[in-house]
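Keeping the supplied structure of chain A fixed, place chain B upon it in accordance with the hints.
One line per chain: the protein sequences are A and B, in this order.
For the first sequence, the residue numbers in my numbering are 1 to 274.
For the second sequence, the residue numbers in my numbering are 275 to 560.
Be careful, since some hints might not be right.
[Stated by the list, open to error] Once the Cα atoms are required to be at most 27 Å apart in a straight line, the calculated DSS-like pairs of lysine-lysine come out as:
no., chain 1, residue 1, chain 2, residue 2
1, A, 189, A, 108
2, A, 120, A, 187
3, A, 73, A, 62
4, B, 465, A, 62
5, A, 108, A, 187
6, A, 73, A, 108
7, A, 189, A, 73
8, B, 468, A, 108
9, B, 446, B, 465
10, A, 120, A, 189
11, B, 468, B, 446
12, B, 468, A, 120
13, A, 120, A, 108
14, B, 446, A, 62
15, A, 62, A, 120
16, B, 465, A, 120
17, B, 465, A, 108
18, B, 446, B, 400
[As the list claims (entries may be wrong)] Chain B is faced by these chain A residues, among others (derived, beta-carbon under 7 Å):
no., residue
19, 14
20, 64
21, 84
22, 88
23, 93
24, 94
25, 103
26, 104
27, 107
28, 108
29, 110
30, 129
31, 131
Bear in mind the hints are in silico, worked out from the structure with no lab data behind them.
Here a beta-carbon is modelled for each residue, glycine too, at the ideal position from N, C-alpha and C.
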Amino acid sequence: MTYALELDRIGCEFQSNSNQSESYTAVQETTLNVSQGEFVSVVGPTGCGKSTLLNVAAGLLKPTTGEVRVFGKRLEGLNARAGYMFQAESLLPWRTALQNVMLGLEYKGVPLESAQSLAKDWLARVGLSRFADNYIHQLSGGMRKRVSLAQTLVLDPDIILMDEPLSALDIQTRQLMENEILEIWSKQKKAVVFITHDLDEAIAMSDRVVVLSAGPGTHPIGEFLVDLQRPRNVAEIRHDLQYTRLHEQIWNVLRDEVLKGYRQQLGPKEELIR
Amino acid sequence: MNSQLTPKTVFVNSRKKMLRLWQLLLAIALIGVWSLVAQDPQWAFFLGEPLAVLIRVIEWFVPIVVAPNEWLSSGIHGTGAIYIHLGVTLLETVLAFVIGTALGLSGGLWLALSPLASELLDPYIKALNSMPRVILAPIFGLWFGLGIWSKVALAVTLVFFVVFFNVYQGVKEVNPVLLANARMLGANASKLLKTVYLPSATSWVFSSLHSSVGLAFVGAVVGEYLGSARGVGYLILQAEGTFDVNTVFAGIVVLTICALVLDALVGRLERRLMRWQPPSSPSHSR
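Isolated chain B (complex conformation):
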């Protein structure tokens, strides 16, 4: 917005650059310590080796083959095998995210606008929310099989409540003056829903999307980990079965990067759809 360089922005910019530099140095230091410790074979068995983790990630993504040589004692045997697994995990995440958000939005709207239903269902919702929902995974496996739908179901239960509570709260807290004004301008119940409640609830949904996209991912991976034939969670489970710590860490790295990318995408979508909000508005997430 302001392209002019004032002393303050220069100061802020240089401070930001310094911060980035220190963050980078911290990462290098951590990896350095990890490499040093991993020189000992016994430690490496438990902690893995940074270089081996990197090679595993490369092998997953790029199908190249490098013969063992003096720098790489084991060589690179690229397979490009990750795509099918990553694709499955991401598909589960996106499905769970979309279904969970839609259910949470409609459920939240319904209960917030119907006091009777909300009073009736209140104890059940509290119970469902406090239940450790990961424990549902075996049941979903039984109901939906070992394919993607059992994972989607698990992740939906995680996403639903985050969105649900945000929307419920958001609708309950719609400014009564906005409602009175809309009614005086001639809004009936359905138009009130469309022009006041829904847009207001949407802003609350967005504030919960960052946490719910993360939870969708967690649900998908945990679901895979507990029983599946495909997905990044499955890869990690297989590696653990053979004490292949490097592959486990490689899986964690890939998952972390994917989660960051998903979060950035949501951030972009949010900035695009929430243009009406003042730029410095404090977000109201739970």
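One chain only, chain A, in its complex shape:
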């Protein structure tokens, strides 16, 4: 079986900000394969290069070494089969919620009427029908994330890349959205790469959790299968015994890296670690 997404011995080097001749290895020898329909979470300490890895998978960043394959084919340029949900605000403020959801359809040249009805459909699925004509500044943080989700999913991508999409939300909204994402995903099983620094979120949502080491030279140091039953409720599953055991196992691996990453951030080479 071909994987939906293969990151094959990826390495990324950046030129240092302060010294042009110095270079900084963000990611080193990282291999990550994601099957069709699989939900994979990537956790790691802050600033370890999780987003770099996702940008490589999206084709927004060309790796220094290694290659990316999408459904067996070597990736050149942007990854057209992937949808990307960014951590930061990515909606166009001069468009309404509906117009934002329609954006990708417009780019693809879908006729206006069918684009509109598809976008409306997706807005309804994320519970925002009433807010279709609101501008972005008139929506709350949670609503904006829902619009982003609809904007990404309306294009029906085969691979969904999410970069800490919910990190800016309060805990209640966050759990609601986690459940919603799981529900939508369970209907049309896509390959998902979900970046997070929140271990609870990672375990509750995924089939597999990959732990990355602290930078520089980030690489996977542990992989854990999460065989908790689905459908899951992210708030309730946290009381499951198996969940607690997994959490402890993964945290044992992650803890040292988090401390290492923390120490580096305080260290003299602060500007190198992004």
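Only chain B this time, still in chain A's reference frame:
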């Protein structure tokens, strides 16, 4: 938005009314002092008289004739002559504003999106911007004649740079996440321009419109002042030639009111087209 009267809005409203009252009183006081000083004929020769200025403005706008009487020693000889001059000045202003904004917008977009061109042209743009552009007026007079186009050209050089720098800055500072998101959604270069760069640049254009509409006006009037056969600038120049200070001041009053009206129109247009912006968003003008 909120029609309810809370103690705070009542306080703010009454404070606003007080402020308006004091502003009005200040104006009356200033005009009063001016009138008193103008009682002396020698002072009046240099400073003009408020009443005479008012009469001149009325004569310009309303073609009525009042014979000299005990209140008005010189009477009113209304001609309605201002319209043709004001029309010319406003036409020059609007043309310069539209042409300058269009050129500034396209130039700013082009240079911001083409690093090579921007590096190549950088010193020239800096030089053109720091040059005192009013000095170009005689050259434009030579090139475009004494009609409206030499004034339009002068005003365009003033408007262009304001809009240009705002758009350039605006496009350079488009949020990279918005761009990455649009590209991931399948935007090609021309769609990126249409859906991300252009709307983003437009908001920067609007923040510069208030200053650029003023500059268009300045360019038109200065152009007229330096050589023309029509326009409010021409009227002022004629009056200065005969030491008619009252007419000069009347011209200044008319120009000021026109500038305020133009600015209000731009404000209205801005509120209409920029509905997507949060109401309290800080404007980012240079």
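Do the hints match the structure? See the list:
A C-alpha spacing of about 23 Å is found between residue 189 of chain A and residue 108 of chain A, which places the hinted pair at or below 27 Å, so the restraint holds. Of the supplied pair hints, the one linking residue 120 of chain A and residue 187 of chain A holds, its CA atoms being roughly 18 Å apart against a limit of 27 Å. Simply put, residue 73 of chain A and residue 62 of chain A have alpha-carbon atoms about 16 Å apart, close enough for the 27 Å limit, and the pair holds. The hinted pair formed by residue 465 of chain B and residue 62 of chain A meets the criterion: a straight-line CA distance of about 23 Å does not exceed 27 Å.
A distance of roughly 24 Å separates the Cα atoms of residue 108 of chain A and residue 187 of chain A; the hinted pair therefore holds under the 27 Å criterion. Restraint check: the Cα-Cα separation between residue 73 of chain A and residue 108 of chain A comes to about 22 Å, which is no more than 27 Å; the hinted pair holds. Restraint check for residue 189 of chain A and residue 73 of chain A: satisfied, since their Cα atoms lie roughly 21 Å apart, inside the 27 Å limit. A distance of roughly 14 Å separates the Cα atoms of residue 468 of chain B and residue 108 of chain A; the hinted pair therefore holds under the 27 Å criterion.
About 17 Å separates the Cα atoms of residue 446 of chain B and residue 465 of chain B, which keeps this hinted pair within 27 Å; it holds. Only pairs whose Cα atoms come within 27 Å are accepted, and residue 120 of chain A paired with residue 189 of chain A is accepted, the gap being roughly 22 Å. A distance of roughly 16 Å separates the Cα atoms of residue 468 of chain B and residue 446 of chain B; the hinted pair therefore holds under the 27 Å criterion. The hinted pair formed by residue 468 of chain B and residue 120 of chain A meets the criterion: a straight-line CA distance of about 23 Å does not exceed 27 Å.
With a C-alpha separation of about 17 Å, the suggested pairing of residue 120 of chain A with residue 108 of chain A holds against the 27 Å cut-off. For a cut-off of 27 Å, the pair hint linking residue 446 of chain B to residue 62 of chain A stands: about 23 Å separates their Cα positions. Note on residue 62 of chain A and residue 120 of chain A: the hinted pairing is violated, with a Cα-Cα distance of about 35 Å set against a maximum of 27 Å. For the proposed pair residue 465 of chain B and residue 120 of chain A, the alpha carbon gap of about 22 Å is at most 27 Å, so the pair holds.
Taking the CA atoms of residue 465 of chain B and residue 108 of chain A, the gap is near 10 Å; set against the 27 Å cutoff, the hint holds. In summary, the hint linking residue 446 of chain B to residue 400 of chain B is supported, as the alpha carbons are separated by about 17 Å, within the 27 Å threshold. Of the supplied interface hints, the one on residue 14 of chain A is violated, with its beta-carbon coming no nearer than about 16 Å to a beta-carbon of chain B, more than 7 Å. For residue 64 of chain A, the interface hint is violated, the least distance from its beta-carbon to any beta-carbon of chain B being 20 Å, above 7 Å.
Among the interface hints, the one on residue 84 of chain A holds; its C-beta lies about 4 Å from the nearest C-beta in chain B, closer than the 7 Å criterion. Against a cut-off of 7 Å between C-beta atoms, the interface hint on residue 88 of chain A holds, since the closest Cβ of chain B lies about 5 Å away. Against a cut-off of 7 Å between C-beta atoms, the interface hint on residue 93 of chain A holds, since the closest Cβ of chain B lies about 6 Å away. Given the 7 Å rule on beta carbons, the hint for residue 94 of chain A holds: about 4 Å separates it from the nearest Cβ of chain B.
For residue 103 of chain A, the interface hint holds, the least distance from its beta-carbon to any beta-carbon of chain B being 6 Å, beneath 7 Å. Given the 7 Å rule on beta carbons, the hint for residue 104 of chain A holds: about 4 Å separates it from the nearest Cβ of chain B. For residue 107 of chain A, the interface hint holds, since its Cβ comes within 7 Å of a Cβ in chain B; the closest pair sits about 4 Å apart. Residue-level restraint check for residue 108 of chain A holds (minimum Cβ-Cβ distance to chain B is 5 Å; threshold 7 Å).
For residue 110 of chain A, the interface hint is violated, since its Cβ never comes within 7 Å of a Cβ in chain B; the closest pair sits about 10 Å apart. Because the beta carbon of residue 129 of chain A sits about 20 Å from the nearest beta carbon in chain B, more than 7 Å, this interface hint is broken. Taking 7 Å as the C-beta cut-off, the interface hint given for residue 131 of chain A is violated, the closest approach to chain B being about 14 Å.
When each numbered hint is compared with the structure, violations occur for hints 15, 19, 20, 29, 30 and 31.
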